[in-house]
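Chains A and B, in that order, give the protein sequences.
For the first sequence, position 214 matches number 213 in numbering that gives the first Met the number 0, and the numbering has no gaps at all.
For the second sequence, position 89 matches number 88 in numbering that gives the first Met the number 0, and the numbering has no gaps at all.
Just to be clear, a hint being listed does not mean it is correct.
[As the list claims (entries may be wrong)] Covered by chain A, per the in silico footprint, the following chain B stretches (three or more residues, Cβ under 8 Å):
id, region
1, 37–50
2, 78–85
3, 137–147
Don't read these hints as lab results, they were simulated from the structure.
Remember, predicted model here, so these are calculated numbers, not experimental data.
No residue lacks a Cβ here, since even glycine has one placed at the ideal position from N, Cα and C.
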Amino acid sequence: MLRLPEFNYIRAKSLKQAGRLLADLGPEAMAVAGGTDVYPKMKRGQFTPRHLVSLRFLSELRGIRPGTKDGMWIGAGETLTAVSQNPAVNKLFPALAHAAGSVSTPQLRNVGTIGGNVFVDTRCNYYDQTFFWRQAAGFCMKKDGDICLVAPKSKMCLAVFSSDTAPVLVSLGAVATFSGPNGLRRVLFDECYRDDGINFLTKQSNEVLQGISIPRPAFGQRNVYLKLRRRGSFDFPVLGVAAAMQFNPKGVCLSSKIVLTAVASAPVVVDEAAHLLEGKTVTRDAIEAAAEAAAKVSHPVDNADLDYWYRKRMTKVYVKRALAELAGIQLELEKGAVKPRQI
Amino acid sequence: MPKRKKSSKTDAAQKGWAKRLLRLKVNGEIKEVATETSKTLLEVLREDLNLTGTKHGCELGECGTCTVLINGDAVLSCLVLGVESEDAEIVTVEGLMRDSQPHPLQRAFADLGATQCGYCIPGILLTAKVLLDKNPHPTRDEVREALSGNLCRCTGYTKILEAVELAARGEEGQ
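The following block holds chain A by itself, in its conformation from the complex (with noise of 0.2 Å):
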């Protein structure tokens, strides 16, 4: 059976207590809100907080307000269902919409935070294992030991960023919210990130995510996110493309921003696909140059779900639906390909 390892609880008042309780209590404390990643985690060993500090009960943390001078603001604290049924997201960014309705099960996502979801710890093969498995098969460098099990020559950690909201968040050019022991601070998601599976956010320990604003979308903007993965009902993503475009009335690109996720320790910014398209009527022609141009950006590593060279191939392929669903163009499927069933 596996029980949780013995903690001590600390339930947070308010922001500020609890910024100033991680700044406190150093490495050993750890926020949690929903906890469906930290539980888990700890229960396998792979997080091993002495202090939990729960972040679940402040109303700071919640709101979806969309008309705020920022565009919509999205307390960190609302859980996925919350933001996946919200109207006004549904209406506006629909992408973010689908994106946090794919997380896990509908029950998962009733106690997961959107803020959890965005900073949600990388995955790997190797990694998210029982104590015991990892113990038997060796430590990676992510926890307790210190190679890499998927690259054993690599100097760092290939874990893979697994979010589903979080591409959307950068292809929309949303800001976070932090708050820390010297105040607000406000970071463009795009600056969130680094491409480092152990180290994998910019953000201070004891700073908390206090919410989202997503700045409202342009005229002639459209947003998608598309999901690869095993099971339709639930899996994390192996591949994940998240784009947004702004078109002008007589359908050209005036802007766009495609974001991959599942392919590196973060997300990944295609611009060179974006520039292709930029300027220009989108034709099925121009489509398939930027889905080869963030084809060869995606190095997928073989220590996730489905084989490494599958998700690089798909990167094209996923693309290419996404841009297509954005410029209304209807493509004929792949060869050999099934049309794929939208849950």
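Given the coordinates of chain A, work out where chain B should sit on it, guided by the hints.
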């Protein structure tokens, strides 16, 4: 090689991780129980309150058999702490009966033999109850979506979906 810290009750007491008195509202009754802070709601329900209808599955949030209702939402009791469930309305499969009569969903599952080994059924009944409370006449796809977090290793999904639809039509027990 690192060793996993084994924690025992004495450890907990020595380190000041003593038991805590929880006041839980389960199936409409207030229950008080002294238990470890580190226990999940699933463990509190099964081990301290003897409500063994809620089942232990993967314990990692992947199978859905430990589903209970907290304030009317289906949640995984293996991923919620007992201490975080105070002041909430908790419903387990034991609380589905009304006036000593089985819930229509329970009748429908019995009518169609939709339970095989039965291990996943408590979670499925509660998840289906939330669905029918919010959407009394769901389509097959809506039932499928609502139950997408509940695994059945007997793979008896067709009967399960039919049973939920039977209960939605109010044709159970005929």
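Hints versus structure:
1. 37–50: Since 4 is at least three, the answer is holds.
2. 78–85: holds (count 5)
3. 137–147: holds (count 5)
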